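Asker: Residue numbers (the working numbering), protein chains in the order written: chain R, 1 to 963; chain L, 1 to 963.
For the record, the hints were derived by calculation from the structure and aren't laboratory data. This one's a predicted model, so the numbers in the text were calculated from it and none came from an experiment. Just so you know, not all the hints are guaranteed correct.
It does not matter which identical chain is meant; a pair holds if it fits inside one copy or across any two.
[To be verified] Calculated cross-link-like contacts (lysine-lysine; reagent style DSSO-like; alpha-carbon spacing at most 27 Å):
id	residue 1	residue 2
1	43	768
2	686	792
3	672	43
4	672	772
5	686	616
6	43	791
7	667	792
8	567	266
9	43	910
There are 2 protein chains.
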Amino acid sequence: MDQGDGNSKISSVYINNTHGVDDDDFYDRNLALFEEEMDTRPKVSSLLSRLANYTNLTQGAKEHEEAENIGEKKKASKSPQMGTFMGVYLPCLQNIFGVILFLRLTWVVGTAGVLQALCIVFICCCCTMLTAISMSAIATNGVVPAGGSYFMISRSLGPEFGGAVGLCFYLGTTFAGAMYILGAIEILLMYMAPKAAIFVSPLHPEGEAAAMLNDMRVYGSICLLLMSLLVFVGVKYVNKLASVFLACVILSIISIYIGALVSAFKPPHFPVCMLGNRTINAHEIHDQTTGLTLDPSHVPTLMETTYLWQQFCHSPELNASCDEYFIWNNFSEIEGIPGLASGIISENLWSSYLSKGDVVEKGSLSSSHAAHPASTRQPYVFADITTSFTLLVGIFFPSVTGIMAGSNRSGDLKDAQETFISVHALFSVIFFSTAIKASLTGAPRLLQAIAKDNIIPFLRVFGHGKANGEPTWALLLTALIAELGILIASLDLVAPILTMFFLMCYLFVNLACALQTLLRTPNWRPRFSYYHWTLSFLGMTVCLALMFISSWYYAIIAMVIAGMIYKYIEYHGAEKEWGDGIRGLSLSAARYALLRLEEGPPHTKNWRPQLLVLLKLDEDAHVKSPRLLTFASQLKAGKGLTIVGTVVSGNFLQSYGEALAAEQTLKHLMDKERVKGFCQCIVAQKPREGISHMIQSSGLGGMKPNTVVMGWPHAWRQSEDPISRLTAPPLFLSDTVRPCADGYIDVWWIVHDGGMLMLLPFLLRQHKVWRKCGMRIFTVAQMEDNSIQMKKDLATFLYHLRIEAEVEVVEMHDSDISAYTYERTLMMEQRSQMLRQMRLSKSDREKEVRSDRMPIQMTWTKEKTSQYRITHSGCSTPEGFRDMLSIRPDHSNVRRMHTAVKLNEVIVNKSHDARLVLLNMPGPPRNSEGDENYMEFLEVLTEGLERVLLVRGGGSEVITIYS
Amino acid sequence: MDQGDGNSKISSVYINNTHGVDDDDFYDRNLALFEEEMDTRPKVSSLLSRLANYTNLTQGAKEHEEAENIGEKKKASKSPQMGTFMGVYLPCLQNIFGVILFLRLTWVVGTAGVLQALCIVFICCCCTMLTAISMSAIATNGVVPAGGSYFMISRSLGPEFGGAVGLCFYLGTTFAGAMYILGAIEILLMYMAPKAAIFVSPLHPEGEAAAMLNDMRVYGSICLLLMSLLVFVGVKYVNKLASVFLACVILSIISIYIGALVSAFKPPHFPVCMLGNRTINAHEIHDQTTGLTLDPSHVPTLMETTYLWQQFCHSPELNASCDEYFIWNNFSEIEGIPGLASGIISENLWSSYLSKGDVVEKGSLSSSHAAHPASTRQPYVFADITTSFTLLVGIFFPSVTGIMAGSNRSGDLKDAQETFISVHALFSVIFFSTAIKASLTGAPRLLQAIAKDNIIPFLRVFGHGKANGEPTWALLLTALIAELGILIASLDLVAPILTMFFLMCYLFVNLACALQTLLRTPNWRPRFSYYHWTLSFLGMTVCLALMFISSWYYAIIAMVIAGMIYKYIEYHGAEKEWGDGIRGLSLSAARYALLRLEEGPPHTKNWRPQLLVLLKLDEDAHVKSPRLLTFASQLKAGKGLTIVGTVVSGNFLQSYGEALAAEQTLKHLMDKERVKGFCQCIVAQKPREGISHMIQSSGLGGMKPNTVVMGWPHAWRQSEDPISRLTAPPLFLSDTVRPCADGYIDVWWIVHDGGMLMLLPFLLRQHKVWRKCGMRIFTVAQMEDNSIQMKKDLATFLYHLRIEAEVEVVEMHDSDISAYTYERTLMMEQRSQMLRQMRLSKSDREKEVRSDRMPIQMTWTKEKTSQYRITHSGCSTPEGFRDMLSIRPDHSNVRRMHTAVKLNEVIVNKSHDARLVLLNMPGPPRNSEGDENYMEFLEVLTEGLERVLLVRGGGSEVITIYS
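Bound conformation, chain R alone (with noise of 0.2 Å):
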């Protein structure tokens, strides 16, 4: 480098700058600081003008968009077509005016009264009211792929709730399309064209009912078959005729404000027969006199004065017994529409519930004999329903429902113009029919887009449609239900069932909007600001009320309707990625439940174990004791906590995907093991150090582990970590394998360190593997214990602490300490001496010797140490030991050590057939230069026991006698 030239260095710099600023990362220099990660995070004008037509920007929409990407174009044209005048709010008043408040609403007020008829129209008009606030809420909460109340559920609640509402709701309209068909024909045969009845009614009112139900069916059905054909062919021929029919609709709407103006002033004439105070059925007296008109004349003429004689008299002869009503009561002949100003409105503002049966009566008019019963043969009026308020309500509920489909054609607007205009555009072919061709246009639409959804599998053909995209399938199947509907012929008993179903849509969509306003979702911003949580709940609660209320055995059925729904749904419905507002309730819930845990430790008779199991993986990402997990599964039965943990080692930033793979390895083994519980893996420099953490950190709140479960460290003699220290009480288990049917499970009970010895084998025999092992308790007994009082005691104790158990003490007397106890002390001694030696030096020259493993293996084989036994038996002190005492062993050790080969002794003559052996872990030694030592003390304390599970308690109680 040249040294005088700094100018031309530093200019250099520039170009070289300035050249890479023009050129390549021409951005870069005024935002450089965030251009290493540009690649995945995307700078904001870039992403802004990738947001411009809002297609590409999340998650989410994709299955929507896949669906909408053809149409879109041609649609985006026709959308200004429809305003929200003719596309939303007309419709609506068609739904509202529908046929249940022409047809019922006179009847609904004169049987329930004008209070009555009032509270009724106000609950149901609050119902609804409350839900379109929350229904508004929901909607402008973000951009909704598709309209329709079923969607926003179904994204809002997650698929299970909104597969459940929106079948309710599909339900709802295929029976509201039902109704209407009913209600058409009705109209057809009771006002119109009562000459059409196919069947003939004879001369009793039950006959004449149920003759009419007749002619509903049939021509019910006809009606619903032309009506599905209609659909079927060409919903679009019908199109044009739209307008036509929506004049049509607001001109009967004026029609009835104009009538009832009228009335009150100039009433028409429509005479009604009266006798005493009930009503004569008309239509029999006028079907006997044919070619009589009824006169004004409030004198009967001869021809109905001798049929009414027969109907009421025993023979038509004078002097014949007849009714008594009919002698003491006059004929009378009454205005049927009397016209507003007449007091009508007075005189009905009571209600007059009628059983079915009952002579129709009224009131104003003055009768004697009432008492006197109307015989079924006589030619009354009688109720044909028994009603009560609660039935009303349930009649008319369908009548506020408009609004609701209103809102639902407001999504129909904006993203399905074609759905909305074949819908709407057929609307009212005939009024007061007009909606017939809406459900069965919408319902089959609405169940096509659930079985897209793919939620639901057993509904996946009904996806399918013509060439075309028109619902086959779905409308057969809505046709089938619907003509259902018919087959029960009755308007008042089909709108119950669809008030039903569209009140669990409604209690959903309060739900829905209660629930994540409570919750306070993140995501819950929406735009519409004039609701409030309270009102939604109210809502909620009116439409329960509403559903119990109007037929508490529909709502039963309803609910378990919806329920298996949503179960079906939860187990067999394809994953979706709606994501769902139950999730924001299970964390509150979990959140709730764990912070309620944590207000105190548990009391010892809560004690339940909480394990966390740490695992260990070999260099092949294999669990080195899968059976550990086993042990883990049966000894909770399924219920309580369980950690699965793991630490891998290395630097996290370079382990991480190793840590991830770790814990998918952890998550499989736990399924195949069938242990439900968490996962944990962390990246650790130092495992030692990592599982330090992990036993600390891990859990939350209440549910921290209370257990560690850990395998015996095999490898610890070449290992720099012998043991890590536990405050937890830990649990030590070898090894665990699917036992037989019969055998033991031991304790050997030598410290009371709070009863775990006595809990786990209880535990363990809940499970099916260990169920029909037998369970001994051994307790040791030395030279001053009154070993047959301990006995009893122990049996004693056990029978308090309601666990069977086969009881025995094992004396074990004083006795010198065997020469092989001072040999294996020296040993270990000398060993763990040269291990300190190496461990230091290692420490030197660390990276060299970490491949290479311990040089010397010091471990006693069983062979050997049997066989040394047998050589050594019976002499305490052989002379030829004497040499290797040169270093005397210490003290502590030696005792240490006899008590292990004593108790490993009585152990193994005891217990060598169980299946299990429970045994108390000594102490870890308090400073950890007795670390090695510990090891080997624990080796020889189980050496020659097949399974055993070493048990430290924390120190306090886990089980008692007390209740």
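Since chain R is already given, all that's left is putting chain L on it; use the hints.
Answerer: Frame of chain R; chain L shown alone:
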């Protein structure tokens, strides 16, 4: 040491050893391995000897021990006096054959018919039997400290449920007392001494019933007063008559069976007057025709006839107009007690429910003109209550509660002999009213027990009693409540009330049993093995059904009362160390919710910040930046997960206490800041490792933190760990204080890394502190961007995100790199170099330099910066600057510094008055050499800003425009 005397050495070892074993640590040789903790963990032999009389074993029983220590000894000697037969079986029988059975069973059978009556008895017995099974399981699950279902439930379900159920049981028992008194008085007035009536009955049934009720009230109150006095002054004096009363009971029971048998063959004469099939009130006839006896001839006497004529006809003359029914029907007299053989059973097979005021008719008799209504003036027997199946269930149920009372006593038998004897000695002073005193002694004692448990603070006064322990105040309250029941006066109205309370109690017994079985509480090991959770569940269902069947409004009232007591105890009750079965429920709920949450990663629209707030404690264990918690609480608005964590450096065994203290500090601070969440504190040798492991392992299942919050490490220049690398979206916060009511939160949105920048201010503004703050979003447009279009797009985007914010696009044009930038980069690099060298040497002489700080402070203070800028403003390549550039700075560092300086200029310019500035945090450098430079860049970027939140998203979307 003498080398030659090897033998003596060995023997001295042995001697020493033996000496030690013999003297001070005699037991240690056999159990030497366990000696280290013998002080805390007792040997089994010593434990068993201590347990011999089972008093000092575990916690949980102290409360009762204290109360019973005094009387225990003398009671123990009394105990054998009362066998199971005399002590449990007979009192049970007494209770079962109680007032309801004697007074109402016949009526129930007559009204409901034999079949339905059997059904009622079967349902009620089912309920009691199933409850008895559950109760047996609970009672055999360990030692119940004191008797009674209250203790069983409170000890197994926890104080809240225990208190609620206990009070229900108390109210039930008290009302039972009232019922027994009413029953006794009814017998007295109806059958034994009708003359004793005080109130005169006018001549119509309503008057008679009212007078009877008043009589009941007066006599009932007197009776209650007498009984209470008796109980108060001396229960003991009547004790000796116990067996006499028992004999009475047995005699009565036997006489019922004998009577039934005898009447089958030779029915007694007990005539009843009938008019047609309507029953005539014989009392009235009798009263009016005094002196005449009802003789067996069927012809009514003259006076009787005269009297009846007066009643049914308008005048005494023979030609007067008479009641039509009277004219057409004949008088007759039938047997009131026809005997079993008379076909009465088949006649009563079916039900004959009556409404209040209906005439009691005998179906087997014929009558004409049956439709003619009966006037209440006429001397018929009218039904005084509207009967139905459900009502009868409610009235009959108390007769089966005797079983429960018996099981209560079985507890008494064992632990509270004195109570038991005093209760049952008084039993049966007058047969039929046997149980009054049982209630009047039992109920106060129950109340006293509840009060002494101190779970319901306002009941505390009732825990006190007389010197001998008799509960004076409790007795007073009981008498007052019983008086309430007596004022109701009708047995048929009181019975359903106590039915409710008993059923509530039964329900919870079954619930407790079913729950503990299903939750597999390890301590749930009843010796009674003939139970199953399905039985308990069935029992629970039956109880619930019976409650709603017999009276749904009473059921709701009882549940509301119980619910209120539950909530009261939850809030105000004393903390009890009993533990509760509900804990297992919480555990299961938490586990279920967490597992459910774990099923998949949350959808974007369900994303909510789950914070891990990392706090640092200073040397005095104070939290260094407590404002972080304030911020966290403001961000969460109380919802979602918050984990507050800290790392204590040191060795676990040594620093364990310190960690506990730190946890307490954090918890205290969380309480203060009202952050509901969890607290984690781990001890780590290296804090950096600890933090890394905590971030990896904290949380459980779906409740893992997704956001890390930490303060700016102001001391990073002095620290070896500049910053931990975080993978979760981290969130850096410099400082935050309570802001004023106005102002802005400014968001500088430079790169899009998931939308967290937009979500955070939205969440903050949900909190009242930030509610009035506006939100501004700034983004950066460069040369080639159309900033007008960008602004429009951004506004639309925010509209779809439903976030209200002002939008501003800041144009940043390319500019040359200033000399200031160069100089600053250069100084940064020099310092980094120096730091690296120092650190290198430091690691060699680690111990020495640990205490001393960085010798050279090279930070740019604000003054210096602005001063420099003023001097050099305008000139981009000053001449006098060349000599500083002798070391050429790194190309990319210069560019990054340029970004930092330019952005900082713009941000300070626009947001200097903002309350909070949110800023994208640039990605950390890929290699750790850049760590210091990175920190320097961040400091330059945020220079001159008061409150900055550096936000770095994890890359996944956290906000969506979709619903």
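Asker: Which earlier hints turn out false for this structure, listed by number in ascending order?
Answerer: 1, 2, 3, 7, 8
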